Structure formats: structure tokens, C-alpha cells
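There are 2 protein chains.
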Amino acid sequence: MTRRPRRPTMVDVAREAGVALRTVSRVVNDDATVGAELAERVRAAIAALDYRPDERARHLRLGVTGTLGAAVRQLSHVNPVLRAVERAARAAGLMVLAASTEDDEVLERHVVESMCRRRFDGIILEPIGEDHGYLLPELAAGLSLVAVDRPVLGLDVDCVISDNVAGIRTAFAHLVAHGHDRVAYIGDDERIYTAHERATAFRACAAAHGGPVDAMVHTGRIEPGRITSAVRAALAGPAPATAIVTGNASISVEVLRRLGADSRKVAIVGFDDSELATLLRPDLTVVAQDDTAIGGTAIDLLRARIADPARPVSRVTVPVELVRRGSGELPPIS
Amino acid sequence: MTRRPRRPTMVDVAREAGVALRTVSRVVNDDATVGAELAERVRAAIAALDYRPDERARHLRLGVTGTLGAAVRQLSHVNPVLRAVERAARAAGLMVLAASTEDDEVLERHVVESMCRRRFDGIILEPIGEDHGYLLPELAAGLSLVAVDRPVLGLDVDCVISDNVAGIRTAFAHLVAHGHDRVAYIGDDERIYTAHERATAFRACAAAHGGPVDAMVHTGRIEPGRITSAVRAALAGPAPATAIVTGNASISVEVLRRLGADSRKVAIVGFDDSELATLLRPDLTVVAQDDTAIGGTAIDLLRARIADPARPVSRVTVPVELVRRGSGELPPIS
Chain A
1 MTRRPRRPTM VDVAREAGVA LRTVSRVVND DATVGAELAE RVRAAIAALD YRPDERARHL
61 RLGVTGTLGA AVRQLSHVNP VLRAVERAAR AAGLMVLAAS TEDDEVLERH VVESMCRRRF
121 DGIILEPIGE DHGYLLPELA AGLSLVAVDR PVLGLDVDCV ISDNVAGIRT AFAHLVAHGH
181 DRVAYIGDDE RIYTAHERAT AFRACAAAHG GPVDAMVHTG RIEPGRITSA VRAALAGPAP
241 ATAIVTGNAS ISVEVLRRLG ADSRKVAIVG FDDSELATLL RPDLTVVAQD DTAIGGTAID
301 LLRARIADPA RPVSRVTVPV ELVRRGSGEL PPIS
Chain B
1 MTRRPRRPTM VDVAREAGVA LRTVSRVVND DATVGAELAE RVRAAIAALD YRPDERARHL
61 RLGVTGTLGA AVRQLSHVNP VLRAVERAAR AAGLMVLAAS TEDDEVLERH VVESMCRRRF
121 DGIILEPIGE DHGYLLPELA AGLSLVAVDR PVLGLDVDCV ISDNVAGIRT AFAHLVAHGH
181 DRVAYIGDDE RIYTAHERAT AFRACAAAHG GPVDAMVHTG RIEPGRITSA VRAALAGPAP
241 ATAIVTGNAS ISVEVLRRLG ADSRKVAIVG FDDSELATLL RPDLTVVAQD DTAIGGTAID
301 LLRARIADPA RPVSRVTVPV ELVRRGSGEL PPIS
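Residue numbers (the UniProt record's numbering), protein chains in the order written: chain A, 1 to 334; chain B, 1 to 334.
Since the hints were derived computationally from the structure, they do not count as laboratory data. This one's a predicted model, so the numbers in the text were calculated from it and none came from an experiment. Fair warning: there could be bad hints in the mix.
Stated by the list, open to error - Rough simulated footprint, nothing fancy, chain B against chain A, three-plus residues with beta-carbon under 8 Å:
{"#": "1", "stretch": "69 to 79"}
{"#": "2", "stretch": "152 to 159"}
{"#": "3", "stretch": "210 to 223"}
{"#": "4", "stretch": "275 to 282"}
Just so you know, even glycine gets a beta-carbon here, dropped at the ideal spot from N, CA and C.
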């Protein structure tokens, strides 16, 4: 409970003006049906009390806030999709209030439900986990939601995703074309849909290429210890990998940190571009996602959903692009 | 105006239960003064209508939300302070909803005023610009606000800042100790308090050292073209700089990108640490801010302010630390 001074309320204005609360409400909302004399008395009372309408109070009546919620993995990390979402929202006159889910299912639910209770116009969600049943009553109650990067499993919800399968296939084929037969994959926790989709696509590529599969795929939470052992495992043994595909930008960073000077001896294609990709020697070849298209499409879908809750659900897959910078063009070194 | 299905309101519950609106409100807020029989009727109506109290409506009465707003420069960039703020807030059972100000004074005001109208418990603000007069009525109305990284100029508001002057002095002295007489500074837009403070401290160091001052200091918005010309200017002419101090992590990235392979020939000390600092050859020597202390202190101050609006204002300066990694220990090359 805060001890902040109490702001004048609409009730105070009604008392001051000697009119019904609903009359004050009508005036505040520019309802023309209020007589000029009454409206004048209300405006005088508003001025006298320095009453400022509470946006939440107005939203209770109008049901709109001009605000979108974004529940993303981590606010404080580089997030080009969130950046694109913010830009597209701003261009549409909407403000984005974002919160981190830390890829924690409990925290995601807490964040999303809190945004729902605030009656945000809509929510952009980077979903984690399998069970999104908690969204059902909110969707039934009119929540407008668009999932980015990952779909909301089990629910029929608009979503925008990168073409993960094509991206992994492109990366794998690119390394094979540069003479690599033993390509390892180091990826994120497969509880995350995107991570699972990329790892699965990689296993399919490795199997089709006829090499070992399980020994070449290392996935799990992004923790220094785990990445270290994954890199060691990939480069150890009688038949070490001569190339590595990383599952996302954070993993690229961790892998490059582990490799140090050896990063010149192992070919690498990273999933996701990042600012540091062009600061390395050699620079990092990546499968770049079209962040601007993802963010812009997410806002387009969300606005369309808000405008027409009954419209058919869209699932948009955004193409990815291979960007050659050197690390992915290194020949195998045995 | 959205077409979303209408949620049952407290008015519907009152009608269903055949009681006064105020009675429903009392029951929803666990007011013990409501008779058992009445309360039971209300609860039955709530169940029958599947009525879920609107958090904003409750906040109109309770004035608390369990939510903090964070208005920061850019959500989608690495922001260790925001990360620390989120962690400290979560530990205190508070959720952080954040928005980007893009260091745009108009956008900052829009974001902060919107958070105020939502009656967030308090706001963490990375202020931009000189005129924060718009905050006066909000502060008078009981807004709890803590500024991070920069103070709110002209207003008596709690703030947490890094020791920028000591950081610049340390960086400059470190380079001089490694034999550098011509040290250049490439910094951010001096409209930003922190950028101005760091540039001013650098000018003082350069002047005290007896070298040229203006020719060595390059500040302005972080734009590729500007950084390119700043780097060129610093390393050109008859007496080129042999060392560079950068004003923040983003500028370090841009400068290193411009230098390319030459980054091995120019000593560099960057202000702000970052993940890529340890991915370079040589790794980047930095003046590291204590982000955890800044974020944690900001939340402590905000909670103290919320608990006691009348408490004296605190301005906390957090020490910085020089982290030697190689780039700042390179000798001068003429």
C-alpha cells in the first residue's frame, strides 16, 4: 500500500459539479448528448480540482489502450525482432510495453495474464513450453495474440516464424559443398520449439548425408559448462567434426569464445546474424533471419486480429538467407 | 474500437446478485464488513457469470499494481542494467514492464506519462534531454521515480549513476602509463548527460596532460558515417592518436568495425563491458560499470521511495573498474 497523495477522482468531480457520475463520464468521453450547461459545470469542476482522467478508468469504458504487450525471452539481450516490433507498432501509433519471460513457463504465464488483466490491445508472445492452456479463457474473452519465433503449441493462434528447416538445410549443404563430411550441431534447449525444429532438421540432414547423427548433435540450455563440453565432444575423438552449425546467436558467441584462436581452424555457420559477426577474424557466416519482416508481420497480424477477432488464423513463415563472410567457407582441416 | 466479446463487469454481477455495486466491490476486495449472506449471493453471481475482476478497476481502488515501469534507451539492445533491474524487481515480487524511449525527448514523455496514467507502482527512467518539467505534476501527484545512468536534470529525484569521471580518468591514465601521448576520445551525443560527463572528463584529462584537446575529442550520435570520420580524424594528420577511448559499448563495436585488422595497431580502452569484448584479438580492455549494483540500488531506492514518499532524495554514484584484456596494453606505434 503506498502513501501517495490521493488524486481527485471522477466521483469528486461529480460531487463538485453536483451532477451524476455518468454525466462526468459522458463529458470526459466527449459524449455530445450532454447538455451544454451541464457540460460546462463539469468542465469547471474538472478545472477546479485539476482532475486528470485515469487512463485505466477510461479503458474500462472504451476497452482500448493504444498499448501492446510483448512477452519475450529476455528484454536486456539483443532482440532485432522486438526492435522491429517496436518500430512497426510506433508507426501504427501504438506503444509497446515489454516484459521478460526468461523462457520460464511459470513466468510467461504470470506476465501474459498480467498483461491480459491490464487489457492491453494485444500481445506479442515468444512462447515457451508445451502447455498454453492458460491462454484459452483469455482468448475466449477476446485476447488478441500473435506468437513470434515459435507457435503456440496446441492452440490455433496467429504466428510468424522463420523458415528454420530451410535455414539448417542451407547451412549444412553450404558446409558440405566446402568439403566438410563431419559437421556438428550445437543448439539450444529443445524444450524451445525453434531449438527442437532446428535440431530435428539438422539430424535429418546428417542422416541423409550418411554420417553419424547423435554424436554430432549437442543441444541443451545455454550454459558455459555445457557449451564447453559440447565443443570438446564435437572436436574430439578419432573422427572430429571439421565444421560446426550453431543454433542461435548466443550459442555462436559461446562457441567462438571456447574455440578462441582455433576458430580459424573450424568452419562455422551460425543461425541468426549479430553485430559481432562482422568483428571476428574470419567474420561469421550466418543464416540470417529477416527480423524486420518478422516484426512487421507480427504487428500487421495483431492489428488485423484486433480489428476482426473472427478472421481466420494466419501462420506466416519468413524466409532466411545465407550470408557468406568467411567462417563458413573455411576448408576442412584434419 | 475493438469488436472483442464483452467481459462481464461488476455491474453485471451486482444485477445478477441483486445487490448494490458497492457491495460487489467490497466482496471482490475481501471487505469483512459485508454480511455473510450478501457475500455468498455475490460470490454465486461471480461464479455464474465467470466474472474476473479487472485489475485496473481494482487498482483504481487500491492504487497498487505490483508492477514497475522501466523507460530505457532501447529495449532490444544489450542492457545489463535493465537485466539487473528485472532481477532485483523479481526478487521483490514485482514485474517490470519496459518501453524504449530511443533517447527521444518526445517519446520519453509519451512513455512516462502513459506509465503514470497506468498507476505503475514506480518508474525506472534513463532520462534524456534537459527539460523534465512534465514530471512535476506526476511527482506532485505521488509518482515514485528513480533515474538510472543519468540524473533528471533540474529535478530533485533519486538517481543511480556510474562514476563516469573516475572511469575516464582511469582509462586515460592507463593509456598514458603505457606510453601513449596522443589519446583520442570517440563518444556519444553530448545531449545525453552521461556522454557529456564523459567527454568533459576526457577534455580535462587531455588538457592536464598538455596535449591537443578539441582535435582529440569526437562526439555525436552513433551513426556509421560519423564514427568512420571520427576514426579517420583520430588516426590522420601529422600527429595521429596512438590510442582511443570509446564512450560506450556501442561505440566500441563501431570503432572496432572501422579499424578492422588495424585494431591491433591502436590501443583501445572501451567504456562499458560487453560480451564481444572477450571475442576479439586482442580482447578489449574496458572500464566496466557495476551493472548489478546499479540495477539493485535502483530497485532498492524505488521501493524505499514508494514506502516513504517523504524520505530525503538519494543520489548514488557506483564505482567503475578497469578490466585489462590486451587492447588497452598495446604500446604506441608511430
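Verification of the hints:
no.	hint	in the structure
1	69 to 79	holds (count 7)
2	152 to 159	violated (count 0)
3	210 to 223	violated (count 0)
4	275 to 282	holds (count 6)
Hints 2 and 3, counting from the list given before, are not met by this structure.
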